[in-house]
Structure formats: structure tokens, C-alpha cells
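Trainee: So the chains spell out like this:
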Amino acid sequence: MAEFIAYLIAGIATGAIYALAAIGFTLVWQTSQTINFAQGEFVMLPAVLVLLAIKLFGAPIWLGALIGIAAFLLVFGVGFKLTVVDPMIKHGVLPLAIATMALSIIMKEGAKDGFSAEAQNFPSFVPSQTISVFGASISLQHLAIIAVAFAVIWALQWFVGGTRLGRQMQATAQNPTVARILGIPVERMVLLTFVINAALAVVASVLISPIYLAKFSNGEVIGLFAFIAAIVGGFNQVRGALVGGLIVGIVDSMAAAYISTQYRLAVPLVLLVVVILLKPEGLMGRKEERRV
Amino acid sequence: MTAPATHESLQHESLPQRSRLSLPAFVDGSLLTLIAGAVILWFAPVGMGRYGTYVLSLWLVMSVAVMGLNLTLGYAGLKSLAQAAFMGLGAYTTAILTTKYGVSWYAAFALSGLLTFAVGLVLGFPALRVKAHYLAFVTLAFSTLIWLIMRNEQWLTGGVFGISNINRPEFLGIKLFGALEFHRFVVVVTFILAVVLWWMIRSPWGRAFTALRENPIRAASLGVDTRMYTLLAFAIGSAYAGFAGVLYAPLVEFIDPSPFSLSQSFFLLLMVVAGGSGYLLGPFIGALLGVVLPEWLRFAGSLYLIIFATIVMLLLIACPQGVSGLLERGWAKLSGKAGAR
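Read top to bottom, the protein sequences are chains Y and V. Every letter in the first sequence is one number past the one before it in my numbering, and letter 222, counting from 1, is 353. Every letter in the second sequence is one number past the one before it in my numbering, and letter 232, counting from 1, is 247.
Quick caveat, the hints were computed from the structure, so don't treat them as lab data. All values reported here derive from a predicted model rather than from experimental measurement. Possibly wrong hints are sitting among the right ones.
[What the hints assert, rightly or not] Below 30 Å or equal to it, Euclidean Cα-Cα: the simulated DSSO-like pairs (lysine-lysine) are:
1) Y:K221 to V:K115
2) V:K190 to V:K94
3) Y:K186 to Y:K221
4) Y:K410 to Y:K243
5) Y:K186 to Y:K346
6) V:K348 to Y:K221
7) V:K190 to Y:K410
[Stated by the list, open to error] Derived list of chain V stretches under chain Y, where covered just means 3 residues or more per stretch with a C-beta under 8 Å from a C-beta of chain Y:
8) 173-182
9) 262-273
10) 287-297
11) 300-309
[Unchecked claim] Taking beta-carbon pairs under 7 Å as the criterion, some of the chain Y residues facing chain V (in silico):
12) W160
13) V216
14) P226
15) V309
16) G314
17) V398
18) L409
Even glycine gets a Cβ: it sits at the ideal position worked out from N, Cα and C.
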């Protein structure tokens, strides 16, 4: 039982990270129909940039973090939208999806060649201690990840549902044409979702890197699981992405502990296929209409 | 360059000069390009050395896999992320059959093709159940599962150590051990497979595939059996990946799981789109970009992948139809023809 609780907490913690990446993915998908295959790399890179800023400028951690994060938001929030998505979006989803695959190669190889092929320690903002809950030893880092990730997701939900700007964003996501007629600056709203996506990736990166270490190849696994999370939850829903992320995180943690470490990756994938067959629109998703 | 299949039948009527060349009516630019290409590639490796010849052969082998994906994606509009996994299935089947059971390469070729076709059929069923882009996710899962099996089931696949000493086939009693001899064998097989595909796309089947891509619901209302054609397009495309694997195994003479991972499937998708999806010769250009361009960029050392990805990204921003689309636009401009795509 104690063991089970420990695995559960660890699963929720990684699941919260997947949820952050998956929510950004769904936001971008909703407002611009863009499938970002570089989503995993979006989570990998901020940590590398922070370390790079610390190394290049000899800056203290907080300044390095600020520089790295600002650079990331500018290039991969605003820049990504303006230089890659805008020119390509009118030609359909497929070339754009391929372009994001190319982008993921650039980000991954860039991190490898520009920084290091080795995994690097990333500073943690909580001490690496464990506390005992019901006899299970639970790492403080996991608890901190859960707390921060949920706070961020809650803040996002509040922003989307409770503020004027957020509601304009939601309207854009649901129907850009009507939103434009209502006088909502649709372009600016779409740009905002890209910046929010980048910001969520930054949060996920800073949270996970103390545990996973900052490494160029981290994006592959995170990206794959974030996609699975988004599909399982239903990728026209922020809430769905959260639920999907948690399910995938917990299933992955349990599979590693109780089934097989070798086939650990297979279990969430089987889950994915089962969900697709039984409820193709995702657990929390709504059906999309088909057009003739 | 070749016209997209959608316009193939139209082109027939709009190009009267074809009758002046006293060629049979079915001969078109794509077929002539394929024949010319095969002749050039037959002689191309002379003086290129072993490694250059190997890269040429590898280009053709990858072209076969990309051709299959071009059928599923470019003509039938089905997004598959398992092409490299199917290639692995073909390569491992061939390697296991020829090294462990002494089966001849030709029998292994047929069996691998059958197997990948059958698995493609089975995997296609979920695609019928749900909306089109979910096929991408089902194939993604399949791709990862195959990779896990290749890596973990040591008794069958050799695990991370792979399978070595894969023999090259014979042809009419001639052993094809040398790089040049095997290259010519690859040229012949690739040519045959390309012509089969060329024929298929011009046939009523091909038109049905295209109708499927353009609008599945409309195709169904016109009486196209969408279920059957979806499955067929996917299964044939998968079988082409299997054939590519059958050629790949004896070409490299050693296989392990890494060339058949999910990222390789992404890479094949990249080749289809960058080469020009829905163009018959697109796969060759795409594989040229994916296989030969990185070789040319070797001088850049570890930066070559970044340069490669940047080129692909800029290319797609400049021309989302890929190189074939770019060439077609250029050709249309040169010949002053209006109305090309």
C-alpha cells in the first residue's frame, strides 16, 4: 500500500507535466488547427536555455532563468507563430506538421551541439528530501511539481473563463469567423495562445528538469506522452488534456512498477488505442462535425 | 516534372503533341522519366566507389518505402506514422527467414510483402472505425510496439545486437556480393515496383484512391467503396514499406531496431511531403533530400542535421507542395502554361 501511494504520487507528478504540455498543444490546435510536433522539444529547450544563459553570462540563477525564459517566449512563442505558422497555415495542416517536425530536429540538435550532449544538473527550488505519508516516502519535488502545475492550470482556467481577454480567446477558439465579426482581434488572440503554449512549456521544463536533468533528448518521451494525453482526454478541451495527462502519468508509473519495465511504453499506447476505438473523440471531448 | 495523379486524365487530352511521338498511348512523362532514371542509375555508380554506390542503393531502397507512403498519404490521404515499422517488419522477416531458416531471398520477398500487406489490412480496420487522423495515432502506437518487440525479444530479433551476416540474393545463378552488382539488382527491383505503382495509380483503383483523399464522404456518395479502398491503399502502401525492408536487410547486411523507430517514420513522412506528396516522382526527390542531402552535408560535421532541417523547413515555407510542386510551378511558368495546380 505504501509503495502504491508512492507510485501514485510520482505518476500524478509526471502526469501534471504531460498535462501542461498537452494543454498548450490543445490550445494551439484549437485556435489555429496547428499540430505542433515539436511540443516535446518545447518542454526540453527552456531548461537548456536557462543553463546556457547562466554559463554564457556568468549570471546568478534567477537572472539566467529570466534571460533563458524571455528568449524562449520570444523565439518559440511569438517567432514560431509569425515565421513558421503564419506563412504555412493557408496551405493545410500537413506541410505545417512536417515543418514542426523539422523544427523539432533543429531544436534537438541545436541543444546538443550548442550546449551539451550530456545530461546536466538543473537547480531545484525545493530540497531533495522525502517525507513520510501513510508509511510511504514521498519526494518533496514531486509534491512541489503537483502543487505548482495545478496552480498554473487553475490560473489558466481562471484566465480563460473569468477574464475578458480569456473569453475573447475562447471565442476565437470556438469560431474565428464569428469572433472576428464581434470585433475580437482574432490575430492577437491566436498569437496569445502561442505565447501561453510557450509559457506552459517553460513551467513544465523548469518543474521536470531537476528530476529528468536537462538533456537534448528529453523531448521525445515528453512529446509522445503529451500527445497521448491530449488524444486520450480529447483534444478540443483544456480539461480533457488535464485528465488525459494525469491518466497517462499514473498508468505509466503503475506499468513501470507492476507490469514490465521493458514494455512500460506499450501500456499507455494500448490505452490510447482502446480509447480511440471506444470513444474516438476522447474521454472528455465532444464530437466534431464532418463537412462535405 | 510529373503531373499530380488528379490531373493525369486531363493531361492526356490537353497534350496533343504526344501523338507526334509515335509511342503507345499509355506512355507518359512519368514512365519515360522512370525508364531514363533506371538506365542512368544502372550506370551511375561506375567510378563512384563502394560507399557512393551504397548511398545510391540506399536512396532507391528508401524511395520504395516513401513510394508506399505516398500511395497511402499522397493519393489516398491516410496519415500513417508506421511506415518505418513496416519496413522493419519486412527487414526482420527477411533477415530471420534467410539467416535462420535458409529461405531464399525471393521467397522472403514474397512472404514479407504478404505479411506487411496482411498486417496493414488488420491495422487499417481501426482507421475505418474512427475519423481519418486517428489512423495517425493508431499507427503511432503500432510503430512503438513493433520497435519495443524488436528491441526486447532477443530470442527472435537479437535485441539491440540485431541480426548480422544477412546474405545478398543471387540472380540467375550470379551471386550479387559486390556493391555494384547489388546496386543494379536494387535498380531493377525498384523500377519494377515503381512501374507497378504507376500502373496502379492510372487504373480505376488509383482514381478511387484520389477520390478518397479529396473527399471521403463525396467519394462514398459516388459509389466508391470507401471501406475497401481505404484498407487497400493502406495495405499496399505498407507492403511497399515491407519490400523496402526486404531490400534494406541485404543491402546493409546487418539490422538492429534503430532504423525502424518512430522518428524514422516521421522522417519518411517528411520525405513524402518535402518531395511532393501526390506526385509519382515525389518519393524519389523526397528520398534524395532525406538520404543523399545529409551525405552532401557531411562537411558541416555535427551541424548537418540542423542545416538539413532548416533547408526542409524553408523549402516547405516557400512551397508547401514540396519540390515536385515547385518544379511543376517552374515548368508551368517556363512553358507559359496557365492553370497548373
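Trainee: Per the CB criterion, is Y:V309 less than 7 Å away from chain V?
Mentor: Violated, because the Cβ-Cβ distance from Y:V309 to chain V comes to roughly 24 Å (cut-off 7 Å).
Trainee: Check, residue by residue, whether the region 262-273 of chain V contains three or more positions whose beta-carbon lies closer than 8 Å to a beta-carbon of chain Y, and give the verdict.
Mentor: Coverage by chain Y is violated here, the residue count being 0 at a Cβ distance below 8 Å.
Trainee: Is V:K348 within 30 Å of Y:K221, Cα to Cα?
Mentor: This hinted pair holds, its Cα atoms lying about 22 Å apart.
Trainee: Is the hint on Y:V398 kept, meaning its closest Cβ partner in chain V is under 7 Å away?
Mentor: Violated: closest Cβ of chain V sits about 11 Å from Y:V398, beyond 7 Å.
Trainee: Regarding the pair V:K190 and Y:K410, is the alpha-carbon distance no greater than 30 Å?
Mentor: violated, 54 Å
Trainee: Go check the region 300-309 of chain V versus chain Y for me, would you? Three or more residues, Cβ under 8 Å, otherwise it fails.
Mentor: violated (count 0)
Trainee: Under 7 Å, Cβ to Cβ, is where Y:G314 needs to be relative to chain V, so tell me if that hint holds or is violated.
Mentor: Violated - the Cβ of Y:G314 stays beyond 7 Å from chain V, reaching only about 31 Å at its closest.
Trainee: Any CB of chain V closer than 7 Å to the CB of Y:P226?
Mentor: holds, 4 Å
Trainee: Please check whether the region 287-297 of chain V has three or more residues whose CB lies within less than 8 Å of a CB on chain Y.
Mentor: holds (count 3)
Trainee: Hint check: V:K190 vs V:K94, CA-CA at most 30 Å. Holds or violated?
Mentor: Answer violated: V:K190 to V:K94 is near 39 Å, above 30 Å.
Trainee: Go through the hint on Y:V216 and say holds or violated, using the shortest Cβ distance to chain V against 7 Å.
Mentor: violated, 10 Å
Trainee: When you check the alpha-carbon spacing of Y:K186 and Y:K346, does it fall within 30 Å?
Mentor: This hinted pair holds, its Cα atoms lying about 16 Å apart.
Hint compliance for this structure: hints 1, 2, 3, 4, 7, 8, 9, 11, 12, 13, 15, 16, 17, 18 are not met, and every other hint is.
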